[in-house]
Amino acid sequence: AQSVTQPDIHITVSEGASLELRCNYSYGATPYLFWYVQSPGQGLQLLLKYFSGDTLVQGIKGFEAEFKRSQSSFNLRKPSVHWSDAAEYFCAVVASGGSYIPTFGRGTSLIVHP
Amino acid sequence: DSGVTQTPKHLITATGQRVTLRCSPRSGDLSVYWYQQSLDQGLQFLIQYYNGEERAKGNILERFSAQQFPDLHSELNLSSLELGDSALYFCASSLSWGARYEQYFGPGTRLTVT
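Chains as they are written, first to last, in our numbering: chain H, 317 to 430; chain G, 790 to 903.
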């Protein structure tokens, strides 16, 4: 069965600083990979996804993520964080080719200081 | 606004009771997903329906059941409620059933079991 680890429970950055949120997965083959954002009181919103091809994926709101097969990682990055980026971020994996049964990480809470 | 509606927003009930959560997908979406988000378990996929048929099943307890009706709205039924069932329950919808179709999440129903 697949698993997802988000090592950082909380991350604090200053507005304008760069951001990297870590995600490591465990799966026998290359899974489908996703990053979601959850703002307070809201449901999840898809930021970006990786299925195959180019390992650098661009998403919405200026986010990007890089798939590294050798490290089983799919880290989320943003060059300059805005105060509105403060939220909970979830990484998820889905086994490729099978039924849609996602496994989510426990989430990373992003705090942005002015 | 994702276009997915969930009712009620909040629900408080006692142990042993039964409740029904309702979800209306985005117009045109045929697939509905249910998720549970709790402090203990994190975000977990429960079940997916596509055009009225169960498509995938995740960590859904036997006390829980769901269905999707001909008008494509879905209901999640939780019975013999326990304190540990207190959680945020999300519904999401997508155009079709595969992982490649973006899911749009509703705002959730917060269930409190006392």
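Worth flagging that the hints you see were computed from the coordinates, not collected in a lab.
Every residue, glycine too, gets a C-beta built ideally from N, C-alpha and C.
One thing to keep in mind: the hints can contain errors.
Unchecked claim - Okay, derived cross-link-like pairs now, SDA-like style, lysine to any residue, Cα gap no bigger than 25 Å in a straight line: (1) K798/G x S854/G; (2) K377/H x S791/G; (3) K384/H x W399/H; (4) K846/G x V397/H; (5) K384/H x R889/G; (6) K846/G x Q318/H; (7) K365/H x T796/G; (8) K384/H x P323/H; (9) K365/H x Q830/G; (10) K846/G x K384/H; (11) K377/H x Y839/G; (12) K798/G x A333/H; (13) K365/H x G887/G; (14) K365/H x Y839/G; (15) K846/G x W886/G; (16) K384/H x S400/H; (17) K365/H x A845/G; (18) K846/G x D324/H; (19) K365/H x K798/G; (20) K365/H x S854/G.
Unchecked claim - Partial list, computed: chain H residues near chain G (C-beta under 10 Å): (21) S334; (22) L335; (23) Y341; (24) Y343; (25) G344; (26) Y348; (27) G357; (28) L360; (29) Q361; (30) K384; (31) A408; (32) A411; (33) T419; (34) S425; (35) I427; (36) V428.
Tested hints:
A hinted pair counts as satisfied when its Cα atoms are at most 25 Å apart, and K798/G with S854/G qualifies at roughly 19 Å. Pair hint K377/H plus S791/G holds up; C-alpha atoms about 16 Å apart against a cutoff of 25 Å. Among the hinted pairs, K384/H with W399/H is inconsistent with the structure: their alpha-carbon atoms are about 29 Å apart, more than 25 Å. Our distance criterion of 25 Å between C-alpha atoms is broken by K846/G and V397/H, whose separation comes to about 37 Å.
Between K384/H and R889/G the CA atoms are separated by roughly 20 Å; this keeps the pair inside 25 Å, and the hint holds. With a C-alpha separation of about 15 Å, the suggested pair K846/G and Q318/H falls inside the 25 Å cut-off, and the hint holds. Between K365/H and T796/G the CA atoms are separated by roughly 29 Å; this puts the pair beyond 25 Å, and the hint is violated. Among the hinted pairs, K384/H with P323/H is consistent with the structure: their alpha-carbon atoms are about 16 Å apart, no more than 25 Å.
With a C-alpha separation of about 23 Å, the suggested pair K365/H and Q830/G falls inside the 25 Å cut-off, and the hint holds. This hinted pair does not check out: K846/G and K384/H have alpha carbons roughly 29 Å apart, beyond 25 Å. Our distance criterion of 25 Å between C-alpha atoms is broken by K377/H and Y839/G, whose separation comes to about 30 Å. As the CA atoms of K798/G and A333/H are separated by approximately 36 Å, the hinted pair breaks the 25 Å bound.
The suggested pairing of K365/H with G887/G holds, with an alpha-carbon distance near 13 Å, which does not exceed 25 Å. Between K365/H and Y839/G, the direct Cα distance comes to roughly 22 Å. Compliance with the 25 Å bound is thereby established for this hinted pair. About 13 Å separates the Cα atoms of K846/G and W886/G, which keeps this hinted pair within 25 Å; it holds. For the suggested pair K384/H and S400/H, the alpha carbons sit about 28 Å apart, so the restraint of at most 25 Å is broken.
Restraint check for K365/H and A845/G: the C-alpha separation of about 20 Å stays at or below 25 Å, so the hint holds. With a CA separation close to 29 Å, the supplied pair K846/G and D324/H exceeds the 25 Å bound. Proposed proximity of K365/H and K798/G is contradicted: the alpha carbons are some 29 Å apart, above 25 Å. At most 25 Å may separate the alpha-carbon atoms for a hinted pair to count; K365/H and S854/G exceed this at roughly 30 Å.
Interface restraint check for S334/H: the shortest CB-CB distance to chain G comes to about 26 Å, outside 10 Å, so the restraint is violated. Proximity of L335/H to chain G is violated relative to the hint, the smallest CB-CB distance being about 21 Å (cut-off 10 Å). Residue-level restraint check for Y341/H is violated (minimum Cβ-Cβ distance to chain G is 14 Å; threshold 10 Å). The interface hint given for Y343/H is violated, since its Cβ lies 13 Å from the closest Cβ of chain G, which is over the 10 Å cut-off.
Interface hint at G344/H: violated, since its Cβ lies 16 Å from the closest Cβ of chain G, which is beyond the 10 Å cut-off. Satisfaction of the interface hint for Y348/H is found here, the shortest Cβ-Cβ separation to chain G being roughly 5 Å, below the 10 Å cut-off. Given the 10 Å rule on beta carbons, the hint for G357/H holds: about 7 Å separates it from the nearest Cβ of chain G. Evaluation of the L360/H hint against chain G yields a held restraint, the C-beta minimum of about 5 Å falling below 10 Å.
For Q361/H, the interface hint holds, since its Cβ comes within 10 Å of a Cβ in chain G; the closest pair sits about 7 Å apart. Annotation: K384/H was flagged as interfacial toward chain G, and the flag is violated, the nearest CB pair being 20 Å apart, outside 10 Å. Because the closest C-beta pair between A408/H and chain G is about 8 Å apart, less than 10 Å, the hint holds. The beta carbon of A411/H comes within 9 Å of a beta carbon in chain G, closer than 10 Å, and the hint placing it at the interface holds.
The criterion of a C-beta within 10 Å of any C-beta in chain G is met by T419/H, whose closest approach is roughly 8 Å, and the hint holds. Below 10 Å, beta-carbon pairs count as interface contacts, and S425/H has none with chain G, the closest being about 13 Å; its hint is therefore violated. The closest approach between the C-beta of I427/H and any C-beta of chain G is roughly 18 Å, which is over the 10 Å cut-off, so the hint fails. A least Cβ separation of about 22 Å between V428/H and chain G goes past the 10 Å threshold, and the interface hint is therefore violated.
In this structure, the earlier hints numbered 3, 4, 7, 10, 11, 12, 16, 18, 19, 20, 21, 22, 23, 24, 25, 30, 34, 35 and 36 are contradicted, and the remaining ones agree with it.
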